[in-house]
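Chain by chain, the residues run as shown.
There are 2 protein chains.
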Amino acid sequence: MPDEAGDALAPRQVEIFDTTLRDGSQAEGLSFTVADKLRVAEQLDRLGVHYIEGGWPGAHPKDREFFERAAAGELRLAGAKLVAFGATRKAGGRAETDPVMADLMGAGTGVVCLVAKSSPWHITETLRTTTVEALDMVADSVSYLRNNGKVVLVDAEHFFDGYLEDPRFSADFLALVEQCGATPVLCDTNGGMLPHQVERVVGEARRITSGRLGVHFHNDAGCAVANSVAAVRLGADHVQGCINGYGERTGNADLTAVIAHLSLKLGIETIGPQRLALLTPVARHIAEIANVAPDPHQPFVGFSAFAHKAGIHTSAIARAPSAYSHVSPEAVGNTTRFVLSEMSGRSTVALKAEQLGIDMSADEAAHVVERLKELEHAGYHFEVADGSLELMMRAATGWEQSFFRLESNRVVTDLRPDGSFLTEARIKVSVGGERMMEVAEGNGPVHALDAALRKALGPHHPELARIHLTDYKVRVLDSSTGTASVTRVLIDSTDGERSWTTIGVSENVIEASWEALSDSIVFGLLHTGATEHEAGDRGPAR
Amino acid sequence: MPDEAGDALAPRQVEIFDTTLRDGSQAEGLSFTVADKLRVAEQLDRLGVHYIEGGWPGAHPKDREFFERAAAGELRLAGAKLVAFGATRKAGGRAETDPVMADLMGAGTGVVCLVAKSSPWHITETLRTTTVEALDMVADSVSYLRNNGKVVLVDAEHFFDGYLEDPRFSADFLALVEQCGATPVLCDTNGGMLPHQVERVVGEARRITSGRLGVHFHNDAGCAVANSVAAVRLGADHVQGCINGYGERTGNADLTAVIAHLSLKLGIETIGPQRLALLTPVARHIAEIANVAPDPHQPFVGFSAFAHKAGIHTSAIARAPSAYSHVSPEAVGNTTRFVLSEMSGRSTVALKAEQLGIDMSADEAAHVVERLKELEHAGYHFEVADGSLELMMRAATGWEQSFFRLESNRVVTDLRPDGSFLTEARIKVSVGGERMMEVAEGNGPVHALDAALRKALGPHHPELARIHLTDYKVRVLDSSTGTASVTRVLIDSTDGERSWTTIGVSENVIEASWEALSDSIVFGLLHTGATEHEAGDRGPAR
Numbered sequence: 013m014p015d016e017a018g019d020a021l022a023p024r025q026v027e028i029f030d031t032t033l034r035d036g037s038q039a040e041g042l043s044f045t046v047a048d049k050l051r052v053a054e055q056l057d058r059l060g061v062h063y064i065e066g067g068w069p070g071a072h073p074k075d076r077e078f079f080e081r082a083a084a085g086e087l088r089l090a091g092a093k094l095v096a097f098g099a100t101r102k103a104g105g106r107a108e109t110d111p112v113m114a115d116l117m118g119a120g121t122g123v124v125c126l127v128a129k130s131s132p133w134h135i136t137e138t139l140r141t142t143t144v145e146a147l148d149m150v151a152d153s154v155s156y157l158r159n160n161g162k163v164v165l166v167d168a169e170h171f172f173d174g175y176l177e178d179p180r181f182s183a184d185f186l187a188l189v190e191q192c193g194a195t196p197v198l199c200d201t202n203g204g205m206l207p208h209q210v211e212r213v214v215g216e217a218r219r220i221t222s223g224r225l226g227v228h229f230h231n232d233a234g235c236a237v238a239n240s241v242a243a244v245r246l247g248a249d250h251v252q253g254c255i256n257g258y259g260e261r262t263g264n265a266d267l268t269a270v271i272a273h274l275s276l277k278l279g280i281e282t283i284g285p286q287r288l289a290l291l292t293p294v295a296r297h298i299a300e301i302a303n304v305a306p307d308p309h310q311p312f313v314g315f316s317a318f319a320h321k322a323g324i325h326t327s328a329i330a331r332a333p334s335a336y337s338h339v340s341p342e343a344v345g346n347t348t349r350f351v352l353s354e355m356s357g358r359s360t361v362a363l364k365a366e367q368l369g370i371d372m373s374a375d376e377a378a379h380v381v382e383r384l385k386e387l388e389h390a391g392y393h394f395e396v397a398d399g400s401l402e403l404m405m406r407a408a409t410g411w412e413q414s415f416f417r418l419e420s421n422r423v424v425t426d427l428r429p430d431g432s433f434l435t436e437a438r439i440k441v442s443v444g445g446e447r448m449m450e451v452a453e454g455n456g457p458v459h460a461l462d463a464a465l466r467k468a469l470g471p472h473h474p475e476l477a478r479i480h481l482t483d484y485k486v487r488v489l490d491s492s493t494g495t496a497s498v499t500r501v502l503i504d505s506t507d508g509e510r511s512w513t514t515i516g517v518s519e520n521v522i523e524a525s526w527e528a529l530s531d532s533i534v535f536g537l538l539h540t541g542a543t544e545h546e547a548g549d550r551g552p553a554r
Numbered sequence: 013m014p015d016e017a018g019d020a021l022a023p024r025q026v027e028i029f030d031t032t033l034r035d036g037s038q039a040e041g042l043s044f045t046v047a048d049k050l051r052v053a054e055q056l057d058r059l060g061v062h063y064i065e066g067g068w069p070g071a072h073p074k075d076r077e078f079f080e081r082a083a084a085g086e087l088r089l090a091g092a093k094l095v096a097f098g099a100t101r102k103a104g105g106r107a108e109t110d111p112v113m114a115d116l117m118g119a120g121t122g123v124v125c126l127v128a129k130s131s132p133w134h135i136t137e138t139l140r141t142t143t144v145e146a147l148d149m150v151a152d153s154v155s156y157l158r159n160n161g162k163v164v165l166v167d168a169e170h171f172f173d174g175y176l177e178d179p180r181f182s183a184d185f186l187a188l189v190e191q192c193g194a195t196p197v198l199c200d201t202n203g204g205m206l207p208h209q210v211e212r213v214v215g216e217a218r219r220i221t222s223g224r225l226g227v228h229f230h231n232d233a234g235c236a237v238a239n240s241v242a243a244v245r246l247g248a249d250h251v252q253g254c255i256n257g258y259g260e261r262t263g264n265a266d267l268t269a270v271i272a273h274l275s276l277k278l279g280i281e282t283i284g285p286q287r288l289a290l291l292t293p294v295a296r297h298i299a300e301i302a303n304v305a306p307d308p309h310q311p312f313v314g315f316s317a318f319a320h321k322a323g324i325h326t327s328a329i330a331r332a333p334s335a336y337s338h339v340s341p342e343a344v345g346n347t348t349r350f351v352l353s354e355m356s357g358r359s360t361v362a363l364k365a366e367q368l369g370i371d372m373s374a375d376e377a378a379h380v381v382e383r384l385k386e387l388e389h390a391g392y393h394f395e396v397a398d399g400s401l402e403l404m405m406r407a408a409t410g411w412e413q414s415f416f417r418l419e420s421n422r423v424v425t426d427l428r429p430d431g432s433f434l435t436e437a438r439i440k441v442s443v444g445g446e447r448m449m450e451v452a453e454g455n456g457p458v459h460a461l462d463a464a465l466r467k468a469l470g471p472h473h474p475e476l477a478r479i480h481l482t483d484y485k486v487r488v489l490d491s492s493t494g495t496a497s498v499t500r501v502l503i504d505s506t507d508g509e510r511s512w513t514t515i516g517v518s519e520n521v522i523e524a525s526w527e528a529l530s531d532s533i534v535f536g537l538l539h540t541g542a543t544e545h546e547a548g549d550r551g552p553a554r
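Heads up: the sequence lines are chains B and U, in that order. Taking the numbering used here, the leading residue of the first sequence gets 13, the next gets one more, and so forth. Taking the numbering used here, the leading residue of the second sequence gets 13, the next gets one more, and so forth.
Any given hint could turn out to be false.
The list makes no distinction among identical chains, and a pair is therefore deemed to hold if it is satisfied within one copy or across any two copies.
Only pairs whose alpha carbons sit at most 27 Å apart, straight line, appear in this in silico DSS-like list of lysine-lysine [what the hints assert, rightly or not]: (1) K74 - K385; (2) K485 - K385; (3) K467 - K74; (4) K93 - K485; (5) K74 - K485; (6) K440 - K102; (7) K485 - K440; (8) K485 - K102.
Just so you know, the hints here were simulated from the structure itself, not pulled from any lab data. Source: prediction; values computed, not measured.
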């Protein structure tokens, strides 16, 4: 595909300003601890963003603590500059005595980002002051911070709405910010702009400013990424946004997509070409710290972003890998995946078997196709359970696990009169011909079953010590009958080198959990090269 | 905000073509049954889309059955036209004898959508034929279907990439499609286009066509909505997409946002102004049928799309409701929400208490703020658990539930040697001064506990029969220690009129489940007006 190298107005280099820790943390469902914030900042620095907005020290004790701990040496940034955020001084006050200014100075960062209303309507209606005083609040606050050695950015709140309302005031606002020595950042605070409106407003703003010009888009219209790209094409050279598009309401511009577009499609320097492949791992790492399930359909970095399911595409891709990808997945640290599902034909199954090193006949592949349809109909979902998928495919070739054989188990949970809960599991299995009977307590049924199974298998399989469960998820599939519905359990496991996911489905969450747990342990033992004890009992393994 | 009424090229009316059931069902994680497809089609018709693409009868038995059952009277559409999808005839064949054509005729729809490659590179490299034959496949197939009374659309696969590669072939392709009496639909199959590229290609296509011109965008660049809007501004008057943006990889253009933009921002007729308020309920209903958790951050229709969390915004919104919304939430059937969280101050809590009809003093509101911080730190998440939030807020005013008092419970799950699982729960509670002891079996621990609790409370609270659990979700919060982590359980319940969500958090999933279950029952009893039996025992209720 030809490179569309922007037009004459596009800059050669764009500064990336990340506000995941400030504006992003407004997202409903997101809550960072101070330790989380420090870890997110490290990841952002690793990615190579130019600015990391850490928080609003005056508004949240947590953010104040973040800046204190960062300054005390808990955060060492290789290249990024830490930024403290705050409002301009209060109407009618003085910057020297304003508590917000004091908090900003106290944060100890070299860069400060001030928010200031730039729409006359918002100034009079929500701030309840005059446009003259609003401009004075900007001038006074910026001058104070500049005189105290700070680099200052001014987030011009509601700039786009304000421009459509009164372009002359917008021009005055921009001139003032530049005159005071700060960088103006045009904010679409309500997030409703469309790219053609952005082109008009940024084009005009670019004509009347001479220094750096920033933009900051919210995604209420679903256009924050498109708007960021449109703004850069018209001359903006500083873009604010959040990793994974976190933020209040519908979120902020997703910086992962913005960086990928500017770098790969417009040929503009952002975080440097050698760091683009960090986009996917850093985006996922930050999602993990945020404890937010990553959106599999997220552009560029999503788990499904380069996944192919339809037969018509998979056969074409096998012939021409670039046929159905707008960029190379590897360029952004992602990978092409072929997805098995009830829609998959035998050729996709055969391709997958080859990837897994399973020797599979055409008949067996046809059997897998049928089995996938049955199991997915029953509620299994192998797209997300690579571990169980592999075991199912191996089983279709006649393989059976022979690490242990389960006889029975029992799980008991008591709420005792003192209000405490206790869970214990009892398990009976045979391992290498020996009958084992063990009991263990746990923090819950899965933990107790896992502990009991490990006690029983441990003597024969010391390699189990390397295998850990890392996540446990439950979803009810058909909610029409409440708790009597089918329950799907997913367990993520790791041996420190590779990770795998297994699945269990049953009306009973304990049964589903046991199935996923058992698959997890079997998959782990299979890939740590454990001895298959009872192969002789169960017919030849293939 | 001023209405940006497109430019001179924008049409006055745009046809909405929904392909949720065909292209959307390629989404990883999505699998519709035939019954699901019939229900989705009903919802799309209710919303007022012009075309519903039902599937590919030649490729999937499920899709064939869908068309059969639709034709047999299981689907009655008020206004939408059902469309069958398929490829053009095979290279070197004849439409009259092509099996795909026979399948399309057999689907019994008045409208057919054919996919045809329109990029020379794809024709030669992935289809392995000549451009001459490719054009002949289109002409032959369209003519055959037209002669058999069908209205025909042609999805020009890879049109945008093809145009950038060889605009002359693209022009020939468009001319041929129009000449054969079909409507061309320009597809960005790889989804990599940016709005300025779309403007260029659609502008050119519009100049060389005279009839309807369609577009179909994938979201790999995160710009499918912006691209659809850009195309319409340049003269396209037929837009294809999927509800909620479902689709392969990163999905298709989200029709909910496209419809909202065209109608509310460009002033173009789509589904009719009286139906716009159906966007949110239909989007959520279809998500429910698809059994996909709706994206809370989805533009326009997401649960968080008009949610406000930050204190700075909530106080401004209280003064001027339109200050922080790009459109009126009610226009698209959504609502403004104020979100309580650890970031909330006393004024937000007081506002919420007022909404809930709880009489709360300033001291009590301050106590709620503290309690929210503590509980959210421990893993609670009240933003999504309105039921438990209300109970917690009531508790802060001194209220205590007095419907029952728990003494103890026990849950036992057995995997028996015959391979079957059995769960039973035993519960001891006092209700209205009477000590009740009951045992019940269930499909799992929550079901068994729910059944036992209902047996114990039922005689005193017959209104319990109206309360049902509708969903049960489990999430592990800190995955660093696997199954020993904290578990968060959410239970959704309904009494047929209102729905509520309750939460439980514990290391033990059974304990967390019990907490959420108990809150669910208490909330339900409270709002069905059940008698609070033991108020006298527990001090005055407020």
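Each hint tested on the structure:
Taking identical chains as interchangeable, the C-alpha atoms of K74 and K385 lie at most 27 Å apart only when they sit on different chains, with a minimum of 11 Å there against 50 Å within one chain. Within a single copy, K485 and K385 get their C-alpha atoms as close as 23 Å, and across copies as close as 25 Å, so both meet the 27 Å cut-off. Taking the shortest alpha-carbon separations for K467 and K74, neither the intra-copy value of 43 Å nor the inter-copy value of 47 Å comes in at or below 27 Å. For a Cα distance limit of 27 Å, the shortest separation of K93 from K485 qualifies neither inside one copy, at 38 Å, nor across copies, at 40 Å.
In this assembly of identical chains, the alpha carbons of K74 and K485 never lie at most 27 Å apart, being 30 Å within a copy and 30 Å across copies at closest. Taking identical chains as interchangeable, the C-alpha atoms of K440 and K102 are never at most 27 Å apart, the minima being 71 Å within one chain and 60 Å between chains. For a Cα distance limit of 27 Å, the shortest separation of K485 from K440 inside one copy, 26 Å, qualifies, whereas the shortest one across copies, 30 Å, does not. For the identical chains of this complex, K485 and K102 are neighbours neither inside a copy (48 Å) nor across copies (46 Å), given an alpha-carbon limit of 27 Å.
The structure shown violates the earlier hints numbered 3, 4, 5, 6, 8.
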